[in-house]
Amino acid sequence: MKTTQDKIAALKFDYVDSDITPENFPDTEVRTERKIFHFDQSVSSEEAVQRMEKEGWSPANLAELLDYAKNEWSGKDWVVALGSSAQIGGGLHVPCLYRCAAGRNLHLLWWSDGW
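The sequence shown lines up with residues 5 to 119 when you count with this note's numbering.
Hint data in this document are derived by calculation from the structure and do not stem from the laboratory. Errors might be hidden in some of the hints.
What the hints assert, rightly or not - Below, in silico cross-link-like pairs of lysine-lysine (BS3-like), each with a Cα-Cα straight-line distance of 25 Å or less: (1) Lys-6 to Lys-39; (2) Lys-11 to Lys-74; (3) Lys-6 to Lys-16; (4) Lys-39 to Lys-80; (5) Lys-58 to Lys-11; (6) Lys-11 to Lys-39; (7) Lys-6 to Lys-58; (8) Lys-74 to Lys-16; (9) Lys-39 to Lys-58; (10) Lys-16 to Lys-80; (11) Lys-6 to Lys-74.
What the hints assert, rightly or not - Ranges between beta-carbon positions, derived for each pair: (12) Ser-46 to Asp-10: 30 to 36 Å; (13) Asp-10 to Gln-45: 19 to 25 Å; (14) Trp-114 to Thr-32: 17 to 23 Å.
Even for Gly, the Cβ is constructed at its ideal location relative to N, Cα and C.
Kindly produce the complete structure, drawing on both the sequences and the hints.
What follows is the structure, given as structure tokens:
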């Protein structure tokens, strides 16, 4: 079985946050079914999770985010895995895929950010 670090390396991101480590984000399973949620307005992490749960879903974890990046991600959209978080530098962070001028990134953003 490939580790999370192996999966990240295979995706050849232009940038990977150095705090995305096995200590902060242990390996997890990938669910076979998924639903991508798009909100037509800015929502908090809490509200996003509540909306997912209302429809019978739970937020994606880092392993699922990487699986999505491998098979489905456009390389442009921002995609957040609210189901994986780590306490780093005094705040709760979640992994996010996004693209900027520097390329395709796997970054950590604050849980408290709006989406």
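Status of each hint after checking the structure:
1. With a CA separation close to 24 Å, the supplied pair Lys-6 and Lys-39 stays within the 25 Å bound.
2. Taking the CA atoms of Lys-11 and Lys-74, the gap is about 9 Å. The hint holds against a cut of 25 Å.
3. This hinted pair checks out: Lys-6 and Lys-16 have alpha carbons roughly 15 Å apart, not beyond 25 Å.
4. Restraint check for Lys-39 and Lys-80: satisfied, since their Cα atoms lie roughly 18 Å apart, inside the 25 Å limit.
5. For the given pair, Lys-58 sits about 31 Å from Lys-11 by alpha-carbon distance, which is inconsistent with the 25 Å threshold.
6. The hinted pair formed by Lys-11 and Lys-39 meets the criterion: a straight-line CA distance of about 21 Å does not exceed 25 Å.
7. Using a Cα cut-off of 25 Å, the hinted pair Lys-6 and Lys-58 is violated, with the two alpha carbons roughly 33 Å apart.
8. Restraint check for Lys-74 and Lys-16: satisfied, since their Cα atoms lie roughly 10 Å apart, inside the 25 Å limit.
9. Distance hint between Lys-39 and Lys-58 is fulfilled; the C-alpha atoms sit about 13 Å from each other, no more than 25 Å.
10. For the hint linking Lys-16 to Lys-80, the alpha-carbon distance of about 15 Å falls within 25 Å, and the restraint holds.
11. The suggested pairing of Lys-6 with Lys-74 holds, with an alpha-carbon distance near 13 Å, which does not exceed 25 Å.
12. Between Ser-46 and Asp-10 the C-beta distance comes to about 35 Å, which sits within the given range of 30 to 36 Å.
13. About 37 Å separates the C-beta atoms of Asp-10 and Gln-45, a value inconsistent with the hinted range of 19 to 25 Å.
14. The beta-carbon spacing between Trp-114 and Thr-32, approximately 21 Å, falls within the hinted interval of 17 to 23 Å.
When the structure is compared with the earlier hints, violations turn up for hints 5, 7 and 13 and for no others.
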